[in-house]
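For chain A, the structure is supplied; the task is to place chain B with the ligands on it using the hints.
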Amino acid sequence: MQHDKHVVVIGNGIAGITLAQKLRARSDCRITVISAESPTHFSRPALMYVYMGHMRYQDIIPYPDWYYKEQKIEQLHDYVETIDFETRTLKLQHSEPLTYDQLVLATGSSAVYYNWPGMQLKGVQGLITLQDLELMQQQTNGIKQAVIVGGGLIGIEMAEMLQSKGIQVTMLVREKQYWQSNLPEKEAGLVTQHILACGIELKLQDELAEILGDETGTVKAVKSKNGEMIPCQFVGIATGVKPTIEFLKTSGIELGKGILVNNFFETSIKDVYAIGDCAQFKEPAPGEPALEQLWYTGRQHGEVLAAVLTGDRKPYIRGPWFNSAKFLNIEYQTYGFVPHTWDEQRYSSLYWEHPAKSKAMRFFYERESGNLKGVNLLGIRFRHDLCHYWLKENYTIHQVMEQLSAVNFDSEFFQRYEPELLTQYYLQHPDRQAPAKQQGWWKLRQHFSLFSETPDNC
Amino acid sequence: MYKASTTQFYSYFKYIGFTLMAISLLCLTVTLAGGNTINAVVWGLSGIGLLTTGSLLVIVCSRLPKHVAHQNNGIWQKDATARGISAWVLGIILTSFYILLYWFPDTLHGLIIALEPLSQGLRHKPSDQWFLYGFFYTLAVMVMGVHALLKYRNNPYHLIRTCSVIFFQLGFAFLLPGLLLAFNQPEFYFSYFWPLKYDYLFPGTVGYLIDNGQALGVFMVFWGAVLTFLATPVLTYFYGKRWYCSWVCGCGGLAETAGDPYRQLSDKSKRAWQWEVAIIYPILGFVIITTLLLWINSWSGGSLLGDLSGGFSKSYGFFIGSVFSGVVGVGFYPILGNRVWCRFGCPMAAYLGLLQKHLSRFRITTNGGQCISCGNCSTYCEMGIDVRWYAQQGKPIIRSSCVGCGICAHVCPRGVLKLENGPVDGRYNGTTLIQRDSLNILS
Ligand SMILES: Cc1cc2nc3c(=O)[nH]c(=O)nc-3n(C[C@H](O)[C@H](O)[C@H](O)COP(=O)(O)OP(=O)(O)OC[C@H]3O[C@@H](n4cnc5c(N)ncnc54)[C@H](O)[C@@H]3O)c2cc1C
Ligand code: SF4
Ligand code: SF4
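In order, the protein sequences belong to chains A and B. Each position in the first sequence, counted from 1, maps to that position plus 107 in our numbering. Each position in the second sequence, counted from 1, maps to that position plus 2 in our numbering.
Looking at chain B on its own, in the form it has when it is part of the complex:
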């Protein structure tokens, strides 16, 4: 933006990028529509290749020439990031994709066969709708990961964190499960565990893993249980829930990369927060009850509860696993913000949040009396936390929903916020440099 010639240079390549993206959309449409008549692999893979190259060109050419202080310019003035028409169109496309994927996978036939060579190469298995989903998910995290890396390039915390979520998505949620399948082992996602992957501790899954994977299966069950009941509390004690939500989790990974342009859209009202509490904890309760019921039923040989526990688990899978985490959670990114699922639905977030609030060294400290109440922190908090409420009173921010993304500290123009792990003792004590308000409704 500074020298006319460089600006021109960047905008020139940006247009090439847009053109490539347009061509790729054409290829992908042809693949979708004519899966049986054309060579889907050629058309599909060209489409994907062009889409990746095109979007990377656009991303680099729009982020790099922009000064680091200007990365958020115009967010609330642009249609796409301020709930304008294009945001709604994108939201509808994303939502439709989820609906087709979950309930009408046949319609995606063309794209599924396009990925056949990749699936065979990685997993030695034919491609299916879930492979397609995993592939696009990982691609989105990687491409938009580049976007996040450029946008936050002056901040080491975000560079390292973004690389971490890309690494876990690509390695632990895409390549590793594929390789397990290639070796005829049960598919397993080491970066997810109960209660987020609620069925990992269901008797059915445990039985399947042990029977089909024997020693490895036993290890997987063991690993899942250790992560859930041991590693989670210990790591959360030291670092807060951020070690998982903003560094490892795939849902968090997508939110922090593909969802990053929409973080300002999260609802900050008191009502939204009341809804959050009213939904997320019951969901955690529901997972716990379902898991327990299934075990009781399995131990009693099915005589005790009949199909009741099965019904519980099916409805959880439908309403929470599909509708909430996918269709609403991701499909509505451009309208509701990027962490709707994490904020209102995720049972893992609820579990980690309880630990974070009551048993953790993590807090966001505020820097004495430096806050100017500008509201940047609250605006860019994807979890809808009114960070400013605390900062302007000089109080540390300790909230169960905070995922420790660190963006509030990044956007604050006065350097007021810092994510810290310190002694639990006196962790709620604020600075002596500002008088605090007695009114306290959000805790």
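If we strip away everything but chain A, and leave its shape as in the complex, we get:
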């Protein structure tokens, strides 16, 4: 792209910033990143650690100011009120209007509320932005009890945050077990047990009905659908997120739940693109979601769009899915796709669980072909590269078992449980013979040339 072109990015989250970085590596055009939330990019998943006192705000900023200067990425701390696509002009809250040659929307997501009675009370909030964090710090100062609504990832993070301040936490979860809409029953059960053992109260199969306030307009209790009254001074709303697109409603751009894009992140308007949490794929590949609201996919979107903008027009192909999180002390990793329920006729899985209920592994595969579909891990770390390779190359569970000893990524001196999983495998597949020698990681790494200086997704 020519150096006199001006690329404007709205949103300095992982998607917007990755795009700016990768674009700079490929072009010397002018790049401006605008965000209303913070003057510079910070790590959203790390907000909880600021609250818990593990880090300060300045510690969750990945790139220091000199980096952006050196990279000639201009940052503008302002809110975009409206966009005129005809004249390619942005109207900003504080600064002069700005024109662009190419515009990238990376506006992220905001909290979803379901119109509960009492949700405007003081002490009720979600956790997404930096401002939410500051508010939460004020609202939870010195309180004793809190209720979290929603049994997902942000919900458990909020619960852990509150608990770190000695606040008694109750979570309202609609399903029979925590995060059952994503985890198979055994994993969900293990995590549910862990949460309870850590002293967080779980109200399962229950939902929020009403939030009650006192005469000053502050929360004093929550009423659940099962009719329970739970006294509390804070209510955390963690019932999901939706793309931030309100300011675009009248702009004429094609919207669904998010900003509609094709596989090149092009929107309905020429020279306008959307990436990250706010983008919605018009035609997602079968079985893949239209909205990808993850840190990792945000980064990948940025990488791919940078290539597209500089003339390397290759479509976004997600490749094997992965994600990770932490439930209090238990780390969770997943590679590929493990559904929460499946047809036993078509699919099978290899599952191992530690008797102490702190670790588990599951390999999910097709019964007939043996093709590996996904891996779930609790309390054990696997090598992303190797899992990615297995999934990309359509490995069967039998081929995977031959390389099992190479996959562990736990620290030195940790107990390894792959042999137990292998034992399980031979029990389930008595016809299989143990391979002469298990392949080690360093060998495989050379063999597959997994590592190179040129990434393969762009």
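It is possible that part of the hints are untrue.
Said to hold, decoys possible - Pairwise CB distance ranges, derived in the manner of DEER restraints:
#1 A/L311 - B/L177: 55 to 61 Å
#2 B/S13 - A/Q535: 46 to 52 Å
#3 B/V279 - A/D185: 38 to 44 Å
#4 B/G36 - A/G273: 39 to 45 Å
Stated by the list, open to error - Residues of chain B placed beyond 10 Å of chain A at every Cβ, according to the derived structure:
#5 G19
#6 S88
#7 Y159
#8 I162
#9 Q187
#10 F204
#11 L218
#12 A227
#13 I298
#14 S302
#15 G303
#16 F321
#17 V413
#18 P425
#19 L435
It should be emphasised that the hints constitute simulated quantities derived from the structure, not laboratory data. Quick caveat, the model's predicted, so the values are computed rather than measured. All C-beta atoms in this analysis are idealised placements derived from N, C-alpha and C, irrespective of residue type, glycine included.
Same frame as chain A, but now just chain B with the ligands:
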């Protein structure tokens, strides 16, 4: 923290611990002030006993009830660990102790006689300021070792590593040198060697060891040289500098135990790193030149250089040996972080670092595309390395300053980091799952 009754139980014993510590401070002050008028042994040893019991009670009662995931809660919100007033007070006390110890040892007379029975029992020698220092140093490593063991109790790497530094400090840096003295042998610290113990290869020391220890002395010199020039490169080739800095060394041992609550304070800026490079390598050069000059001078019978080499060695001893490694290095733990000496001053770290960077199988690998740029790794790296810079680009971390403490891998909430020894071939190659940045200033 989970059940009200257990919380109460722990906090009850914690208060007893604090009370014991307060009483012990009183005893120690009396010992210091009235060394000649009271029975210093009784007062001093009671003080030390109470201090140990009290601090162990406090440590156990604050770490054990806290969940392993919550061990770092509030570090940046507490005065003592976030450069607040109490951190400054502690820093000043520690620094003053070093100043008294090095330059005004008479003021510590009371405490020195308090340790007389111990010194006689172990070394058959009267107690002196260095025995006092060694004793408190070892005590600090052991008591705060318990703290580290509880804090990292879910991680075998840290359990084994912490036990190792306690073992080397207690056995090789305290008991063994004492026993050597008891048998009228020259004092020698087998766990330290040139260039950290720079004078071990000075002609004066070599002569003293051989003359006073004969066969054992020859062995000590031999051992020192073998460790420096043979074992160090070989072990560092296989395991990186961590085998020494985080498993054996006494300075590292103190940093990993007593200094552990302050690791987040190390400066991560690019400027700090530039200072590091500008200081640590010249110090290594200074040690090499001093050692060479002393040998040249000794071979030439002193005719060649006169007192020049002596002056070199004296100034090194004063500025680096005392001021830097003690007063600044340890005294400023609560303000500057726990590895200031290791990072900016230690010639051994410089030597090991060069080997680690260019001739080693060690690296910290990053796990594909899993990093969420949260910054826990960088915050808790005591060597001020911006680990996140590498992790978010999927690059392995190969830095000469990394001491392989493994804390970055421990605090990472997404399991992104792993300390590994693998083939040297392709050791800088990163993952294919993330695009890397072309900008590379810190290598
Ligand atoms: C508490 C929490 C924990 C999370 N943990 C994880 C995790 O562990 N792993 C994971 O994969 N994902 C996690 N996520 C999700 C992940 O953070 C998001 O998917 C990711 O941050 C999305 O990045 P983005 O660049 O699309 O948008 P965002 O990071 O949301 O950035 C968008 C920016 O655009 C700004 N903006 C929007 N509209 C305007 C406007 N009109 N004018 C100016 N600026 C505007 C917003 O203020 C915002 O700063 C978590 C999310 C939250 C809230
Ligand atoms: S990079 Fe990690 S292992 Fe190395 S010194 Fe820093 S925290 Fe320790
Ligand atoms: S702690 Fe882990 S996830 Fe966080 S920045 Fe470091 S490597 Fe990335």
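To see whether the hints hold, each was checked on the structure:
1. At roughly 57 Å, the beta-carbon separation of A/L311 and B/L177 lies within the given 55 to 61 Å, and the hint holds.
2. For the pair B/S13 and A/Q535, the supplied restraint of 46 to 52 Å holds, since their beta-carbon distance comes to about 50 Å.
3. For B/V279 and A/D185, the Cβ-Cβ distance of about 39 Å falls inside the hinted range of 38 to 44 Å, so the restraint holds.
4. Distance hint check for B/G36 and A/G273: the Cβ-Cβ separation is about 44 Å, which falls inside the suggested range of 39 to 45 Å.
5. Non-interface call for B/G19 relative to chain A: holds, since the shortest CB-CB distance, roughly 20 Å, exceeds 10 Å.
6. With a closest Cβ-Cβ approach of about 16 Å to chain A, B/S88 is found to remain outside the 10 Å limit, as its non-interface label requires.
7. For B/Y159, the non-interface assignment is contradicted: its Cβ lies about 5 Å from the closest Cβ of chain A, within the 10 Å cut-off.
8. Remark: the non-interface label on B/I162 conflicts with the geometry, its nearest Cβ contact in chain A lying 6 Å away (cut-off 10 Å).
9. Separation of B/Q187 from chain A is adequate, the least Cβ-Cβ distance of about 36 Å exceeding the 10 Å criterion.
10. Every CB of chain A is more than 10 Å from the CB of B/F204 (nearest about 38 Å), matching its label as outside the interface.
11. Listed as outside the interface, B/L218 is consistent with that label: its C-beta sits roughly 36 Å from the nearest C-beta of chain A, beyond the 10 Å cut-off.
12. Every CB of chain A lies more than 10 Å from the CB of B/A227, the least distance being 30 Å, so the non-interface label holds.
13. Every beta carbon of chain A lies more than 10 Å from that of B/I298, the smallest distance being close to 45 Å; the non-interface claim holds.
14. Every C-beta of chain A lies more than 10 Å from that of B/S302, the closest at about 50 Å, which supports listing it as non-interface.
15. Interface exclusion of B/G303 from chain A stands, the closest Cβ pair being 52 Å apart, more than 10 Å.
16. The Cβ of B/F321 sits about 32 Å from the closest Cβ of chain A, beyond the 10 Å cut-off, so the non-interface label holds.
17. Residue-level check failed: B/V413 sits 8 Å from the nearest beta carbon of chain A, not beyond 10 Å.
18. Distance to chain A contradicts B/P425 as a non-interface residue, since its nearest Cβ pair spans about 6 Å, not more than 10 Å.
19. For B/L435, the condition that its CB be more than 10 Å from all CB atoms of chain A is violated, with the nearest at approximately 6 Å.
Going down the numbered hints, you'll see the structure goes against 7, 8, 17, 18 and 19, while the others check out.
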